[in-house]
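Q: Residue strings, one per chain:
There are 2 protein chains.
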Amino acid sequence: MILREDAGMSGRRERKKLATRAAVREAALRLAARHGVEKVTVEQIAAEADIALRTFFNYFSSKEEAVVATLAAGAEELIAEFRARPRTEPVLRALREAVLVVMAHGDAGRRDHLEALHLIRRAPSLVPQQLAVLAAQEKALAEAIAERLDQDADDIYPMLCAATVMTALRVVFNRWLDRAVESTDLPSMTALREEVDEAITELAAGLDRPGRAR
Amino acid sequence: MILREDAGMSGRRERKKLATRAAVREAALRLAARHGVEKVTVEQIAAEADIALRTFFNYFSSKEEAVVATLAAGAEELIAEFRARPRTEPVLRALREAVLVVMAHGDAGRRDHLEALHLIRRAPSLVPQQLAVLAAQEKALAEAIAERLDQDADDIYPMLCAATVMTALRVVFNRWLDRAVESTDLPSMTALREEVDEAITELAAGLDRPGRAR
Numbered sequence: 025m026i027l028r029e030d031a032g033m034s035g036r037r038e039r040k041k042l043a044t045r046a047a048v049r050e051a052a053l054r055l056a057a058r059h060g061v062e063k064v065t066v067e068q069i070a071a072e073a074d075i076a077l078r079t080f081f082n083y084f085s086s087k088e089e090a091v092v093a094t095l096a097a098g099a100e101e102l103i104a105e106f107r108a109r110p111r112t113e114p115v116l117r118a119l120r121e122a123v124l125v126v127m128a129h130g131d132a133g134r135r136d137h138l139e140a141l142h143l144i145r146r147a148p149s150l151v152p153q154q155l156a157v158l159a160a161q162e163k164a165l166a167e168a169i170a171e172r173l174d175q176d177a178d179d180i181y182p183m184l185c186a187a188t189v190m191t192a193l194r195v196v197f198n199r200w201l202d203r204a205v206e207s208t209d210l211p212s213m214t215a216l217r218e219e220v221d222e223a224i225t226e227l228a229a230g231l232d233r234p235g236r237a238r
Numbered sequence: 025m026i027l028r029e030d031a032g033m034s035g036r037r038e039r040k041k042l043a044t045r046a047a048v049r050e051a052a053l054r055l056a057a058r059h060g061v062e063k064v065t066v067e068q069i070a071a072e073a074d075i076a077l078r079t080f081f082n083y084f085s086s087k088e089e090a091v092v093a094t095l096a097a098g099a100e101e102l103i104a105e106f107r108a109r110p111r112t113e114p115v116l117r118a119l120r121e122a123v124l125v126v127m128a129h130g131d132a133g134r135r136d137h138l139e140a141l142h143l144i145r146r147a148p149s150l151v152p153q154q155l156a157v158l159a160a161q162e163k164a165l166a167e168a169i170a171e172r173l174d175q176d177a178d179d180i181y182p183m184l185c186a187a188t189v190m191t192a193l194r195v196v197f198n199r200w201l202d203r204a205v206e207s208t209d210l211p212s213m214t215a216l217r218e219e220v221d222e223a224i225t226e227l228a229a230g231l232d233r234p235g236r237a238r
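Residue numbers (this note's numbering), protein chains in the order written: chain A, 25 to 238; chain B, 25 to 238.
Be a bit skeptical, because a hint or two may be false.
Note: identical chains are not told apart, hence a pair may lie in one copy or across any two.
Stated by the list, open to error - Straight-line distance between alpha carbons at most 25 Å, and here's what the computed SDA-like set of lysine to any residue pairs gives: (1) K163 - M190; (2) K163 - F197; (3) K163 - G230; (4) K40 - L155.
These are computed hints drawn from the structure, not numbers from a lab.
On a predicted model such as this, the values are computed, not experimentally measured, just so you know.
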């Protein structure tokens, strides 16, 4: 019984920690979007998230890490959805479905994600953090693909597939953001979903174009 | 006749400039490999390449740019070879042939390229330069693909294909370098060529894996 109470406690504590982490990264993103990453301090982020400065450092080691964490959250969701897809689905179909499910989630999450992308394109100080996040995402996705196929994570296929799908998503998101920068409002999410779908379908079809007849 | 002489002069001048540029980046790479990028100065690079300091800045704006230029040279060669492939070849076959042709070129060029990759993995100060080079390479390759297909460079296919092929090459080179770091000598170039071939064949085949039978 004590064991069970402990498990309950620890589950509740875990959920509370996840909620605090989300609150901190949302505060960091909000402030950075408003004032620019350079001008925001860790103290301001802690105040905005209504936590002590010491608590901030339990979750993130820098303001840059906190801002970029929203990107990581999107990829963590994608990997969790991919792991939950039925094993009867081919790998790329499972990946496409997982992306579409994540994109259909609450509007707030998506907007945060897109604002973070906007910020990162503008802030050179975020580049090293972003690279670290991208590398970790690729690795985590490669591990999920290897597990699904009962392959060794060192085999070339899982890494090739993970890196390529992440690249395709980056190309689609960047095109969409370029258009977003040109217009006053974000272009439609429907268009974004359609382009993600199209890009993964292209990959699955072999990404090739025939040569010309002689 | 004067026009023709001028063209000859300018062709000779152009070749001389290219040779100087290659000498400068090779000097930068050699010194950076020996002492670490941080410890090398622009003055030392100019001395090693036997040019005046002022001349250095006609070719590169920083030591980081000079070191990373070797990577750009590899991709420029790849794009030139790709442009030279017969239009009757499908896009991915032309890309694969172009990569294999570049990799079969003189051993010195390949070693320099691989040493630069080694350096870049170790030197955080090179990361922004490397990102700029990668983005420019992707864009140049996308333009070459669009031209080959008489497509608009803004269409999604050329960018998707360029970014994905570049990513596949990055995965293969990184795996090979990981093994190179573990051993005392560089692993065989034959193995590298085979893995490049395998990766592009995977892409052309649709990069998918079937689901399990129920």
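Q: Now, for every hint given, state plainly whether the structure supports it.
A: Going down the list of hints, with the structure as the test:
| no. | hint | verdict |
| --- | --- | --- |
| 1 | K163 - M190 | both (11 Å within a copy, 18 Å between copies) |
| 2 | K163 - F197 | both (20 Å within a copy, 16 Å between copies) |
| 3 | K163 - G230 | both (23 Å within a copy, 21 Å between copies) |
| 4 | K40 - L155 | neither (29 Å within a copy, 38 Å between copies) |
The structure is inconsistent with hint 4 alone, although it conforms to all the rest.
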